[in-house]
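Trainee: Build the complex: two chains, separate frames, hints provided.
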Amino acid sequence: MGSDDVLRTHLQELRRGTVVVASLVALRRPDYGYALLQRLTGHGFAVDANTLYPLLRRLEEQGLLTSEWNTEESRPRKFYRTSAEGELLLRRLLDDLAAVQTSLTALIEGDPR
Amino acid sequence: MTTSLTDRYLAATLRSVPTARREEIADELRASIGDMIDGRTADGLDATTAEREVLTELGNPAQLAARYTDRRLQLIGPEYFLPWRRLLIALVSTIPAIVGVLMAGLEATTADNPAGAIGAGISAAFNVAVQIAFWVTVVFAVLERLGTPLHLPEWTVDQLPDEPVERDVSLTDVCASILFLGLTIAFLPWQQFQTVIGDGDRLPVLDPALWTSWLPALIAVLVASIGLEFAKYRARRWTWPLVGVNALLGLAFAVPAIWLLLTDRLFNPDFVARFAWLRDGGIDTVARISVVVIVAITLWDIADSAMKARRAAR
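First to last, the protein sequences are chains A and B.
Mapping of the first sequence onto our numbering: position 43 corresponds to residue 43, and the numbering continues sequentially without gaps.
Mapping of the second sequence onto our numbering: position 33 corresponds to residue 33, and the numbering continues sequentially without gaps.
Please keep in mind that the hints were generated in silico from the structure rather than gathered at the bench.
You may find that some hints are simply not true.
[To be verified] The list that follows gives simulated cross-link-like pairs (lysine to aspartate or glutamate, EDC-like), each with its CA atoms no further than 16 Å apart: (1) A:Lys78 - B:Glu229; (2) A:Lys78 - B:Glu23; (3) A:Lys78 - A:Asp5; (4) B:Lys308 - B:Glu229; (5) A:Lys78 - B:Asp35; (6) A:Lys78 - B:Asp27.
[Claimed, not checked] Covered stretches of chain B, as calculated for chain A (at least 3 residues, CB under 8 Å): (7) 30-40; (8) 208-218.
The model shown is predicted, which means the values in this text are computed figures rather than measured ones.
Backbone N, C-alpha and C fix where the C-beta goes; we use that ideal spot for every residue, glycine too.
Chain B on its own, in the form it takes in the complex (with noise of 0.2 Å):
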């Protein structure tokens, strides 16, 4: 009976062996532990406490063929890790919102449900992202195993960054973004009078009541965000004020936009009158997916907005 523990240890630690080297280790590994419970009943100890403390210190079986064998206790090791990360950011950084907003474009187009339209493509961009990851991870821990050589470029020096990052805003952006938001407003009032429907004749796109409501509210939204873009230029970087007051400003846009699209009351009746596809339908799929690019967008603005903040602040 005092072999029982020890043998149960054998079995567990020389499963994991090749079958190859599994005898001789096996022998070997038994006659070190006979050896070792034989010094503690010298020292006095009886035979099955000695047994216990010898097993207990040579420790987890598994760890111990693992030493035996040289495998590494380690999904993806050192050498593997740069690599493996760089790509999984750059996969799921990219391909699920690809993907996620194909995905939600399409259902938006295709059922008449705007909720689950988001729903199906967030749900979408999840699986996508899971799906990344885990055979990403998979392939690079079978070639942290079989050791497969990357051959992947050494660094050098050339690979720096051009400069410190001083100032991660820049002009151009700054310069593009306060054009689209000039456009945008210059928009509200060209739609007004100048849409020509045919004929010679002109409709505005929008709903004139809105000229008394929500429009002039959504050109100061509009002026504001001009006013960010300045203020986030001077300050050179994005920093957590500035992402608080981009995403008050962006939400104070879409959610008035939304509500207005999703109640019919964005779009000038008369307008939409004049055109058949319009009538029977059109409209509605043309608010779904002005929906769901308008929440795209703002989500997307937002989390960059704070991507940028965070690696600004380190």
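This is chain A alone, in the form it adopts within the complex (with noise of 0.2 Å):
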């Protein structure tokens, strides 16, 4: 394997969370699939149709997302919102983001707590 090979790996492990917290972020804004999928690329979140398109159902499976369908457009569309579980989820998923970062922040600082 090469060393190309391993970082992407690497990359992936760390990136794979980050689509379930930055799709709840997104859908705070009703959204439907297509249009999440332009919105997270175009903020950094490079994420794959086919994963984000099953990742949606799976999350509204969890009750964590709510659905309706809009028919008022030519091409009927499935509109996602964060649920008010989601939204408690997302909290939480936020919160222990920003304590990794402090950890990782003090490790590389040297300052153990």
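Mentor: See below:
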């Protein structure tokens, strides 16, 4: 395995969970699959379509997202929105992410807590 | 016509999605694919190329369907792999050998074909091994899919092996081997003078003519085998040179012994003539069973030493 592959695997591992966090944040404003994909990509979250679409369904089944079909436009689309439950979970995830960042910063500065 | 590839893609994806959710996933996925295609045609791509690109990006439909249904793309996952491997090794390393030896023994005693008996044994062992591997794997693959908990006891430190493998040639094993070899050597002169065949008569079991040809050679091999036991104990474990010497000594004993048995040169003709059942073909049965046993023991010994050497080399 080349060093590029090693880097890619580790980046993938590091990024895996952040897609859920980013989606829950982004869907505080209702949106449909493809538009969400564009927004996430625009903000530097490179997520594959074949990962994101099934993920949205899974989050919906877990009650973290609610959905609604919008049939006003020529193409009916399913709009997702972060539910109250999803918002609670998101807060926990964001806190944890911040905690990780804090710990890491402390570790980098050589300042054991 | 531009929708046909998409239709086929949707059909292929939804085939393995449960019916209850199929329609909704289909509608949503179709809309998403449409959006993705539109996004690309807006960038100046023609519709056909855009469709191909989008579907290629979404990838293998079976994989996409698995992601939708949370299905694992593995036969036996990490949770079940170790119990599966342990059970498989335990069964495959014992049952086929037992069945093979039984089959060979049965075949050797009922048919006049020693080579065929060995073949029957090997083929029975092979079939049993394949069957075991197949069914154990099927059961574990089903468990994996049902997510059945195995309720195995948690691993504890008490399960650690007693001590690091410093000496895997134990003194008991070496002593037992030397005793067995010694008794075999002692048996050869003993049977020459001490075999009582009723009425106080004594007759050698083995052909006395062999004392000037093969028996000294076989005794030499047995003595060398005792030497090998000492070398093995000093080396503390099986090494590849020891495995080689052991295999050579094993063959040096087995090949002449089998040849003597198959060519009717091993047993004393006078001794055979004294017993009606031996005279009437019984001696052939004795020879065949002996051949099967010698082959089995020799092969097992060689394989066992090689496995132990491999383990020790790690």
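Trainee: For every hint, state whether the structure bears it out.
Mentor: Against the structure, the hints come out as follows:
no., hint, result
1, A:Lys78 - B:Glu229, "violated, 77 Å"
2, A:Lys78 - B:Glu23, "holds, 13 Å"
3, A:Lys78 - A:Asp5, "violated, 36 Å"
4, B:Lys308 - B:Glu229, "holds, 15 Å"
5, A:Lys78 - B:Asp35, "holds, 12 Å"
6, A:Lys78 - B:Asp27, "holds, 9 Å"
7, 30-40, "holds (count 6)"
8, 208-218, "violated (count 0)"
Checked against the numbered hints above, the structure breaks hints 1, 3, 8 and satisfies the rest.
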